[in-house]
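For what it's worth, my numbering labels the leading residue of the sequence shown as 112, then goes sequentially.
The set of hints was computed from the structure by calculation and includes no laboratory data.
Any given hint could turn out to be false.
Computed list of lysine-lysine pairs in DSSO-like fashion (alpha-carbon distance at most 30 Å, straight line) [stated by the list, open to error]: (1) Lys-425 x Lys-452; (2) Lys-311 x Lys-249; (3) Lys-520 x Lys-613; (4) Lys-421 x Lys-228; (5) Lys-425 x Lys-228; (6) Lys-157 x Lys-425; (7) Lys-609 x Lys-421.
Please read these numbers as outputs of a predicted model, since none were measured by experiment.
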Amino acid sequence: MTEVKTRIAIPGLSRPRVRTRIDSEARDHTLRQASERVWARNYRRKLRLTDIATIVLAVTVAFSLRFGIEAIPTSARIEDAQYLLISATIVISWLIALIVFGVHDSRVIGVGASEYKRIINASATAFGLLAIVFLVLKVDIARGYFMLALPLGTVSLLGAHWLWRRWLISQRSFDHYLCRALVVGELDDVGYVIRQIQQKSGAGYNVVGAVVSNTDAHTVSTGTKPVPVLGMTDVAQVARNVGADTVIIAGQPKGGARFIRNLGWQLEGTATDLVLASQLTDVAGPRIHFRPVEGLPLIHVEIPQFEGGKHVLKRAFDIASSAAGILVLTPVFLLVALFIKLDDGGPVFFTQERVGRGQRTFRMVKFRSMVTTAESDLAKLADKNDGNGVLFKLKADPRVTPVGRVLRKFSIDELPQLWNVLLGDMSLVGPRPPLPREVEAYEDHVHRRLYIKPGLTGMWQVNGRSDLSWDESVRLDLYYVENWSLTGDLMIVWRTVKVLLKPVGAY
112 MTEVKTRIAI
122 PGLSRPRVRT
132 RIDSEARDHT
142 LRQASERVWA
152 RNYRRKLRLT
162 DIATIVLAVT
172 VAFSLRFGIE
182 AIPTSARIED
192 AQYLLISATI
202 VISWLIALIV
212 FGVHDSRVIG
222 VGASEYKRII
232 NASATAFGLL
242 AIVFLVLKVD
252 IARGYFMLAL
262 PLGTVSLLGA
272 HWLWRRWLIS
282 QRSFDHYLCR
292 ALVVGELDDV
302 GYVIRQIQQK
312 SGAGYNVVGA
322 VVSNTDAHTV
332 STGTKPVPVL
342 GMTDVAQVAR
352 NVGADTVIIA
362 GQPKGGARFI
372 RNLGWQLEGT
382 ATDLVLASQL
392 TDVAGPRIHF
402 RPVEGLPLIH
412 VEIPQFEGGK
422 HVLKRAFDIA
432 SSAAGILVLT
442 PVFLLVALFI
452 KLDDGGPVFF
462 TQERVGRGQR
472 TFRMVKFRSM
482 VTTAESDLAK
492 LADKNDGNGV
502 LFKLKADPRV
512 TPVGRVLRKF
522 SIDELPQLWN
532 VLLGDMSLVG
542 PRPPLPREVE
552 AYEDHVHRRL
562 YIKPGLTGMW
572 QVNGRSDLSW
582 DESVRLDLYY
592 VENWSLTGDL
602 MIVWRTVKVL
612 LKPVGAY
């Protein structure tokens, strides 16, 4: 889901409100929710048990690598007892840090990067504090053992949580392990939020209904699964009736802050979560900061920066990765060049003028995947365009050679662009590099694509490629331009590898 969904402190909700009783209906609703959320408790229990086993194993392996398997403490010697105590201290401290940092919080498990960030922060904090304590107490501990345990355990924890997340997402694709959500707001806002949720099964929500204040329709049409409109008022009662465990406020509901405050009061004593779908669409979480002022939750949005140290790091990453890629893939380049030559005897490479950062043009290089007359044949095919917007694409392009069809399917034809990355014309990750004629057809806001270097891969590559609509490809590129990070680049590279193994939208 592209928009930011977060829990925020609503004025008035931070002050506890005394309730003398909870009616039987609310109590029954709470019991229904408790039974429906058994999966969440079980999932967190599995994560905790996995974390315990992972940390114990990591500490044991670190000890074995430092001292040898035969040195693992098994006797009652003083030296053995000391290292058993140190190892137990590391394990317990690590587990406590995971709890304190909320690694198993239901709001972060299974979606987004917060779960992984909390693992890293908890691990670093635990070992930092332990290092200080051991230093102050002058504990005699082998530094190699201590320093091996941290990376081994952290990487193992990240891997274990990733595997569990894969399992959870696979279950959610079959409509299991989902929170029952009721979406509230104006029709357009409700429809947008529901569409975003339905497009991402991994979001963890099953929208069971909507409360819409400005329509007489019986359903909200979302293009996939229509959602019933269950009323126009009394949200808390509707939530109880349908057994919703999450109420999502879309946009600015009728009644504004007072409506949200009153709804929060009405949901007291139940297990229902109140979630706001922010109107800050396509703004990444790291750019958003909450600044409470006298109970007013102000949201500070950082303006995108297109210069500075972050971009220096990106360039360093580009140089290192492209140089390594060229060295490793040289045998592949030679093999592909041989196949292209044997196919029709034409040139191995195809170069084309593309537009880069600041509308500067450069020659982009690719393995040739079409016949040598492809450019002159383009005019004959103009009326058969399968592309979107200003892009020209053909699903069954007659200009593509047999070898080229294989190269395109797995994007092997794009690999020579590593030279463009190394030379600084492109970045490893970025928006799609456009043709000059495409840029001429851009609307004003689309020119923001050219604020950073185009990429060998990017959001468009891992979200459908040529199957994307023009508006969606523009939205993804603009989102990347304004919200990119080095961590995000690494995630896109990883997702690109998976996409290449299961190509979708490649033609």
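Quick rundown of the hints versus the structure:
1. Lys-425 x Lys-452: The given pair, whose Cα atoms are some 36 Å apart, is violated under the 30 Å limit.
2. Lys-311 x Lys-249: Violated - the C-alpha atoms of Lys-249 and Lys-311 are around 52 Å apart, more than 30 Å.
3. Lys-520 x Lys-613: 9 Å, holds
4. Lys-421 x Lys-228: 19 Å, holds
5. Lys-425 x Lys-228: Given pair Lys-425, Lys-228 holds - Cα atoms ~20 Å apart, limit 30 Å.
6. Lys-157 x Lys-425: Violated. Lys-157 to Lys-425 sits at ~38 Å, over the 30 Å cutoff.
7. Lys-609 x Lys-421: 27 Å, holds
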